[in-house]
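Participant: First to last, the protein sequences are chains A and B. If you read the first sequence in my numbering, its first letter stands for residue 1, the second for the next number, and so on. If you read the second sequence in my numbering, its first letter stands for residue 1, the second for the next number, and so on.
Note that these hints are calculated values from the structure, not bench results. Note that the Cβ used here is the ideal one computed from N, Cα and C, for glycine as well. Do not rely on the hints blindly, as some may be mistaken.
Unchecked claim - If you only want the chain B side, here are some residues facing chain A, beta carbon under 8 Å, derived:
#1 Tyr23
#2 Glu29
#3 Leu30
#4 Ile67
#5 Gly77
#6 Thr79
To be verified - Just so you have them, the derived chain A footprint on chain B, three or more residues with Cβ under 8 Å:
#7 52-65
#8 108-118
There are 2 protein chains.
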Amino acid sequence: VSRFTARTKLWIENDGLLVMSGYRLRLLELVHETGSVARAATALRLSYRRAWGKLREMEENLGCPLIVSEVGGAGGGHTTLTPEGVALLRAFREYSRRVEEASAAAFADTLAEALSALPPRT
Amino acid sequence: VSRFTARTKLWIENDGLLVMSGYRLRLLELVHETGSVARAATALRLSYRRAWGKLREMEENLGCPLIVSEVGGAGGGHTTLTPEGVALLRAFREYSRRVEEASAAAFADTLAEALSALPPRT
């Protein structure tokens, strides 16, 4: 068993502006699952304000609404993803899955042997 | 032509400690090419002290020497990579190449279509 791990950080830019990342995927997934930015924020230990800020920044950098809110009512409203939001969530999730899979395979083929030949750290 | 770009950051950890990254690969490559930590540092706009710090940190986290210095002489010595340093450099370069290739293919298959369906940002 190797002590070594290949780590990846993946994100999407639009003209250099951040539109999606692993962290933002998690935020969208939580809004989608809970129907609430407040609950998504709590799950990520983000302030409500910061969670909204991230969502608005994604929409602005993408140029397209990702979420729709129904204001008010019992419980303080409900937030759902737009069709574009759902499509982006699914596409980025699949993109990430494939890259992670490729990373694990490439690590096994290239680095695992070179690293396992090293003496253990003392 | 898409305005959107998939970006990746790749690194290797040993028990949670950073041992290799794209930036560190570039540093090792430059030491290998120039035979000098000073020249490698200049090329990366790093201070000499910081370049050495990064190299020593990599060696410490890896548990293995990556570079060997011949101190003194005309021009102030010469630094070469150990066989382990060369092996790590090559293996990580190949690992990165494969993951980048997989990322481009996965992006084309999953995100390119979903993103190109969006209206242009105004």
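Participant: Taking the hints in turn, state whether each one holds.
Facilitator: Tested hints:
1. Tyr23: violated, 13 Å
2. Glu29: Violated - the Cβ of glutamate 29 of chain B stays beyond 8 Å from chain A, reaching only about 16 Å at its closest.
3. Leu30: violated, 20 Å
4. Ile67: Since chain A brings no Cβ nearer than about 15 Å to isoleucine 67 of chain B, farther than 8 Å, the hint is violated.
5. Gly77: Status violated, d = 26 Å.
6. Thr79: violated, 20 Å
7. 52-65: Holds, because 4 residues of the region 52-65 of chain B bring their Cβ atoms closer than 8 Å to Cβ atoms of chain A.
8. 108-118: Three-residue rule met by the region 108-118 of chain B, so holds; n is 8.
Hint compliance for this structure: hints 1, 2, 3, 4, 5, 6 are not met, and every other hint is.
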